[in-house]
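Dock chain B against chain A, hints included.
Here the protein sequences come in this chain order: A and B. Take the working numbering: the last position of the first sequence gets the number 476, and nothing is skipped along the way. Take the working numbering: the last position of the second sequence gets the number 1849, and nothing is skipped along the way.
There's no promise every hint is true.
[To be verified] DSBU-like mimics (lysine-lysine), calculated; alpha carbons at most 30 angstroms apart, straight line:
no.	chain 1	residue 1	chain 2	residue 2
1	A	Lys249	A	Lys299
2	B	Lys1688	A	Lys308
3	A	Lys98	B	Lys1305
4	A	Lys100	B	Lys1499
5	B	Lys1054	A	Lys450
6	A	Lys450	A	Lys109
7	A	Lys299	A	Lys346
8	B	Lys1126	A	Lys472
9	A	Lys450	B	Lys1163
10	B	Lys1109	A	Lys241
11	A	Lys249	B	Lys1797
12	B	Lys1499	A	Lys98
13	A	Lys346	A	Lys121
14	B	Lys1163	B	Lys1126
15	A	Lys241	B	Lys1394
16	B	Lys1105	A	Lys241
17	A	Lys450	B	Lys1087
18	B	Lys1394	B	Lys1481
19	B	Lys1105	A	Lys230
20	A	Lys412	A	Lys61
21	B	Lys1305	A	Lys59
22	A	Lys61	B	Lys1105
23	B	Lys1105	A	Lys109
If you are wondering where the hints come from, they were derived from the structure by calculation, not from laboratory data.
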Amino acid sequence: MTSFESFTTSINRRAFLNGTTAGIGSAVLASMLAHSEGQESSSSGRWEGVVNPLHHAAKAKRVIYLCMAGGPSHLETLDHKPKLAEMNGKPMPESYTKGKPIAQLQGRKLTCLAPQHPFKKFGESGQELAEIFPQLGTVADDICIVRSMVTDAINHDPAHTLMNTGTTISGRPAMGCWLNYGLGSEADNLPGFVVLASIGRFGQSQPIAARQWHNGFLPGRLQGVQFHAKGNPVLYVGNPKGVDRARQKDVVDTVAELNGLRNGLVDNPEIATRVQAYEKAFQMQRSIPELTNFADEPKHVLDLYGTKGADGTFAANCLMARRLAERGVRFVQLYHRAWDHHGNIKNTVKGTAGEVDRATAALIKDLKQRDMFDDTLIVWGGEFGRTPMAQGSGRDHHIRGFSMMLAGGGIKGGVTHGATDELGYESVEDIVHVNDLHATILHLLGINHKRMTFRFQGRDFRLTDIAGEVVKGVLA
Amino acid sequence: MRRVLTTAVLAGMFAANSAAFGADEEKVDFDRDVKGIISDNCFKCHGPDDKDRKEDLRLDTREQLFAKRDDHFTVVAGKPGESELFKRIVSDDEFVIMPPPDSGKTLTKKQIEIIRKWIEQGAEWKGHWAYTSVERPAVAKVKRAGFVRNEIDRFVLGSLNRKRVSPAKEADRVTLIRRLSFDLTGLPPTSTEVTDFLADKSDGAYETLVDRLLRSPHFGERMALYWLDQVRFADTAGYHSDNHRDVWLYREYVINSFNQNLPYDQFTIEQLAGDLIPNSTRWQRIASGYNRLIKTTEEGGAQGKEYQAKYDADRVRNIAEVWLASTMGCCECHNHKFDPYTMKDFYSLAAMFGDIQERPVGRQAQTAVPTKEQLAKSQKIDREIAPLRAIMNKQTPELDKSQQRWEASRDVVVAPEPGKQPKKDSKAKTPQPPKDVLPILAIEVGKRSKPQLAKLAAWYRTIAPELASTRQKLAVKENEKKAHQTTIPTTLVSTTGNKRAIRLLPRGNWLDSSGPIMSPAAPEFLPNMKLTGERATRLDFARWLVSQENPLTARVYVNRLWKTAFGEGLVRTLDDFGVQGEVPSHPELLDWLAVEFVESGWNVKHMLKLMVMSGTYRQSSAVSAELRQRDPYNKWLARQNRFRLPAETVRDNALAVSGLLADTIGGRSVKPYQPAGYWMHLNFPKRKWVADTGENQYRRGLYTYIQRTFPHPSLLAFDATSREECTANRSRSNNPLQALVLLNDPTYVEAARVFAERVVREGGKSDAERLQFAYRVCLSRDVHPAEARLLTALLNKHKAQYTADEKAAAELLSVGQRQTPDGMNKAELAAWTSVTRVLLNLHETIVRR
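If we strip away everything but chain A, and leave its shape as in the complex, we get (with noise of 0.2 angstroms):
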C-alpha cells in the first residue's frame, strides 16, 4: 500500500512533538486561549460583547420576558374601561374603527362588549388590576403597567416577529440575540438567550415559530435555545445510549488532543475555538440536566410558584427563568400560548389568567428576596390586545391599543403609563410603541438603541430599526 502522501510531507515540515502525547489537553487549551480570533472571545473565551464600555450606567443586567402569547384581552387584566361596559351590546361607534385595520371582524357588525371581569384597586399605590389576578394585586407596588401600547401587525405570527425583531420582515435577529451581541454572556455553560414554552388549556394555542429566537444576520452563537420538558431539555444534551459519562469523556478528549495535535501542525485558530466549543458542549451536558431538575428548590419554593417540578407548565418555566437568571443567563423568554379569545372570553381569560397569575407574582417575590429583582426587567405581554367590540362572546384581535406589564430594575412600581381612549381602542396619551418598548429595554440595560448596530447588506441595521424613543415615564 503507498502513502497517502499529504499527511507524510507535511510531517517532514513541522516536528510532531516528537510523538509525546501527555498533557497535550492542557497545552492545548493553553495554545487556544492565545489563538482566539479577534472579536469572537476574550481571554476567558467569553463573547464579551460590543457595547464594552456601555453606553451608560445599567439599571438591570437581565431579562425575563413572559411572553403571553395570543394576544391578552388588556380589557379583562390591565386596562379598566367603565365606559364600554355601559356601551355594552351597543353598536361600536364609526368614528373609532373607520379606516383602521381588522382581523376576523372584517365585514361585520361591530358591537361592545363590555368587560368581562370585575376590577380592583390594588396595594398602597391603589394600582387597577382585574379580579382575576390576585396574586398579581400582591405585588402591584411593584409593576408598572403600561397602557398605551400599539403594534403595526394584526395577526399573530408577523405581531409575533415585530414583538421580537422589531419588524415583520424575517431574518432579522431577534430582541435576546441583540442583547447579548451587545453585552456578552455571563453565563459559562449555558447559552445567553434561552426560550420555554408553554401551552395553556383555556384559549387556542396559535403556533410560534423558531424564527422568533434566531440570531438572523447576527453570529449563529447568539441563538437563542429553546429548553424542552420531555426528552432532552435541550436538543442533543443526552449522551448516546450506551455511552455512558465516562466514556463521552473519552471521546471529548480524544477529539480535543487530536484537534490540538492537528493545530500543533497547520495553526488554523478554527481548530482552538472548535476545541473550545467541545469542551463547552461536554460542561453543558452536566450542567444542564443539574439545572434542569428541581431537585434542590425547597419545599416552600415550588409552593410559591405552584408548580410540583419541571413539568413545562408555565409555572415551572417561571422557576426555571429564576435558575437560569441566577446563572447569569441574559435573556430568558417564556411563551405561554394561550391567549388568542376569539369566543367565550369570560370563562377563557380567567383560565388563562388562573395559568400565569400565581407564578408571576411568584416570579417578582422570589428574585426580591434573592436580591435580584432591582437588575432583573421582567416585561409581560403579548404580541397585541383585544377588540373592545365583541366577536361573538369572545374578541378579536387588535393593535391600536393595549398593555402590557413591566417590573423590576430601572422600572417605576406602582404606577401606570399612558392610557387608551374611553373604549379601549385606541392608545391616546402616551403611546408606546414596539420600537419604543424596545429602545427601553435596551436602555435599562446601559445600551443606547440608535448606537448599537450591526452591519448587514450595506446598512446598520439596529433592534429599534428607524425609531423608538426610551419611555421616560416608566424608569424609576
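Below, chain B alone, put in the same frame as chain A:
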C-alpha cells in the same frame, strides 16, 4: 521557496510602512478608498433619496459634486483648501463641521487624509463600478512558472506582484482531490478515488478529475443547495400554521438544470417566466414555480390586501437579491439611501409580477404536472372510459321496458305527506331511489314531465340489470383513473391572468391607497428594457436581466460561482453590489469573468472549470503568520481558503464515510431523525414528524424536509437557514451546539457505528490496519503514530468496558434504524464506534481546505 516568500513579505511590509499608503497604493482609488467614506457618512442627507435630502446638496453625482454653489465649490480638483467638502470635514466649529455631531458619525484621521489626498490628486470620479457596463479588460502580461495556468492567474498575479507577495505553492494532491470533490459535488472522495488520482501521474490527471466531477450527477445537487438558499426554497408556506405545499419538483428542476448545464440566461428566464415561453414545456412550467416560493399565510382573520402587499414585496426583495445583488427591500418604504433605487422602481417591479394568480389568504392551489407518460396513460384511460360512459348515458327502448317492469314489480310507494318522511318499504328487492327521485315515482307515468322522466331514467340506469357489466367495467376504469391520478405529482407554478392593480404604497403602508397604480418596469437608472408588447411582461423582464446591457446579472453570478470555488466572493458582500457593499478585490478579474461568462453562452460548467483549473484555485490554504497579518481575510488570493463545510455537507460527509448515504437523485423531501416534540409548537393542525425508513433515512441533506418555522435543528445548528429570505452568504459559526449534534444526534451516532462495521469488516485484521483504513476513508490520509497511539488507547479501554458491559454495547449498536449484522462481535463494534465517533467529530473532518 519558503525563504523567498518570507523575504518578499518582509520587503512588502517595509514598503507599506514607508508611507501612509502601501508603495503601490500611493494613488488613492475612488472606488476602493473614497466612495465608501462619502456614502457611509454623507449619503443619508446628501444621497439619492430626495425625501431626506438636506440643503438640496447631493454628493452621489459628478455634476453636483463639482458644481458651484453660491460662492464656493463643493470639490475643486487638486485643491483641498478650496473645496467646501474638505473644509467642512476638518472644521472645528460645531455648526459647520460635517458630518454634524448629532448624526452619530465621525470621520477618522485616516479617512480625512484619504479625502485630502483624493482631492489633491485630482479628485478622480467614477460612476459606481457595479452599474457601469461590463467590458473585457486586458489580461496582464505576467509570468510565473508553476502558478499561471490561465487568465485568472494573470490577474491575481498582477496584483500580487504589485504587493510583492508570492502566491502559495500548489496544495498537495490529497488536499486537491478533497477540495475539488467537496466544491464540485459536496461529497468526499472515496479512498479508491484518492488512490487512483495519486496513481495517475499523467499531465492531464487533474483535468481528468475535474471533468469527472463536473459530469457527476452530484454536481447538480451541490450547485442546487446554494441556489435553493438564494431563492429560499422550502416545503412549507412560512407564516403562522406553516402548512405543507408540494414544490419539490422545483428542486428537481434546479438539480437537473445544473447537471444538464442549462445556460444561466435560460435558467433565469424559465424561473421568472417559464409559463410565458411559447409552447412551454413541463419543466419550464415547473421552473416558474420560483415565483411562488414566497411565504404565504392561511391564518383566519388575515387581510388579503395586507398579505398581497407582503407577497409582492417578498418577490421584489428576492429577485433583486438573487439576480442583482441589490438591497431594493429598502424601497418598500422610502427611496434607497445609498443606491439609485426608488420606491417607484420597487412597486414597478412588483407590478411586473402582478399577473400571477394566487390566493392572498388560504391554501395555494397545487397544479398537477404529469409527465408525458403519465399524460398518455391518463388519456388512454379517458379513451377507455368514454364509450362506457356513453352507454351509461343512453336510454334505450330496452331500458324503458326494463324500467317499467321494475316499477311494476315494486311495491307501491306512497308519496310522503307534506312534512313527513316517505315510508320505507322493507319488501323492496331493489335499491331505493334517492330522495330527489322518489317523488317522481309517485307521479302517474303519463303526468311526469320530460326532465322528471330523464332524471328517473338516469337513476334507473345505475341499477338496471342490463347495464351491470358496463357499470362494472366503468368502475374498474374509474378506479384505475383515480389511482393513476394520485401518482401524478403536483407543484406550484406561475399562471398568468388578470393583472392586479399594484399601487405605490406611501411608506409601505398597505392601508394607504393614495399612491398611483404602477406600470411594470425595470429600475429606472439601469439600461432600458425591450418590450414585446405595450405592457412589460415577466418574460420581457427576465430577458432584460440576462441582456448584454445589464451590468449586474453576470457580475453577480460569476461572483457567486467564485464563492463556490473559493468559499468567498471577489466581492465579499455577495448580496450587496450597491454603494455600501464592498468593492471587488480584483475588479478587472471580475469583469473579465463576467464577459467570459456571457460570451461563453452563460456556460456555468465552463466558468467553474476555468476557476478550478486555475493556479489560484490550486494553491495551498496554509498561511504564514506574516501573510495572515497583512491579509487576514485573504483578499489578495495569495492562498486558498479553508472553511467549515455547510450544514448539509457535514451530514452528507458522515453518511458517505459510513457507507450509508443513498445516492438517489431528486424526489420528494425526506425526514431524517429529529428529536421528538420539536414540532410541538406547530398548530392548525398539530403535526408529528415521522422519521423516514429505509433509503429515505439516508438521503443527502438537500432533500431534508424544510419546515420554515421549525427547520431541522441539526442543520440549523450548522447555520442552515429557514429559507425565508435570500441567503447568498450563510454564516459559518463555530459553537457548542454543533459539538452536541456531532456527538449525540442519532444520525451521527448511527453513521459512526455503521462506519465502525465497515472498518471491522473491510479494514483488515489488526487494529493498526483498521485504523489506517478508517483514516483513509474519513480523511483521505494515513494515520500518524501519535494519533494511532491515542485512538488505540481509547479502543482498548472501551473494548474492555463493553466486553464487561454487554448491555451498553448492545444499546449503542441499537441507535438508528440500521440493524447490526449478525455474527459481529458487539463489544468490538461498540469500541470501534467510539473511535469512529471521534473521527466524525474532528475539525479536520468537517473542514474543506
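Consistency of the hints with the structure:
1. A:Lys249 <-> A:Lys299: Cα-Cα ~34 angstroms, so violated.
2. B:Lys1688 <-> A:Lys308: holds, 28 angstroms
3. A:Lys98 <-> B:Lys1305: Roughly 16 angstroms separates the two Cα atoms, so the pair holds.
4. A:Lys100 <-> B:Lys1499: holds, 27 angstroms
5. B:Lys1054 <-> A:Lys450: Answer holds: Lys1054 of chain B to Lys450 of chain A is near 21 angstroms, not above 30 angstroms.
6. A:Lys450 <-> A:Lys109: With Cα atoms ~43 angstroms apart, Lys450 of chain A and Lys109 of chain A exceed 30 angstroms; violated.
7. A:Lys299 <-> A:Lys346: Violated, at roughly 33 angstroms.
8. B:Lys1126 <-> A:Lys472: violated, 48 angstroms
9. A:Lys450 <-> B:Lys1163: violated, 39 angstroms
10. B:Lys1109 <-> A:Lys241: Violated: Lys1109 of chain B and Lys241 of chain A sit about 61 angstroms apart, past 30 angstroms.
11. A:Lys249 <-> B:Lys1797: holds, 13 angstroms
12. B:Lys1499 <-> A:Lys98: Holds - the C-alpha atoms of Lys98 of chain A and Lys1499 of chain B are around 29 angstroms apart, at most 30 angstroms.
13. A:Lys346 <-> A:Lys121: Judged against 30 angstroms, a Cα distance of about 20 angstroms means the pair holds.
14. B:Lys1163 <-> B:Lys1126: Status holds; Cα separation ~24 angstroms.
15. A:Lys241 <-> B:Lys1394: Roughly 70 angstroms between the alpha carbons, so the hint for Lys241 of chain A and Lys1394 of chain B is violated.
16. B:Lys1105 <-> A:Lys241: violated, 56 angstroms
17. A:Lys450 <-> B:Lys1087: holds, 28 angstroms
18. B:Lys1394 <-> B:Lys1481: Holds: Lys1394 of chain B and Lys1481 of chain B sit about 22 angstroms apart, inside 30 angstroms.
19. B:Lys1105 <-> A:Lys230: Distance of about 50 angstroms is beyond 30 angstroms: violated.
20. A:Lys412 <-> A:Lys61: holds, 16 angstroms
21. B:Lys1305 <-> A:Lys59: Judged against 30 angstroms, a Cα distance of about 43 angstroms means the pair is violated.
22. A:Lys61 <-> B:Lys1105: Holds - the C-alpha atoms of Lys1105 of chain B and Lys61 of chain A are around 28 angstroms apart, at most 30 angstroms.
23. B:Lys1105 <-> A:Lys109: violated, 53 angstroms
In this structure, the earlier hints numbered 1, 6, 7, 8, 9, 10, 15, 16, 19, 21, 23 are contradicted, and the remaining ones agree with it.
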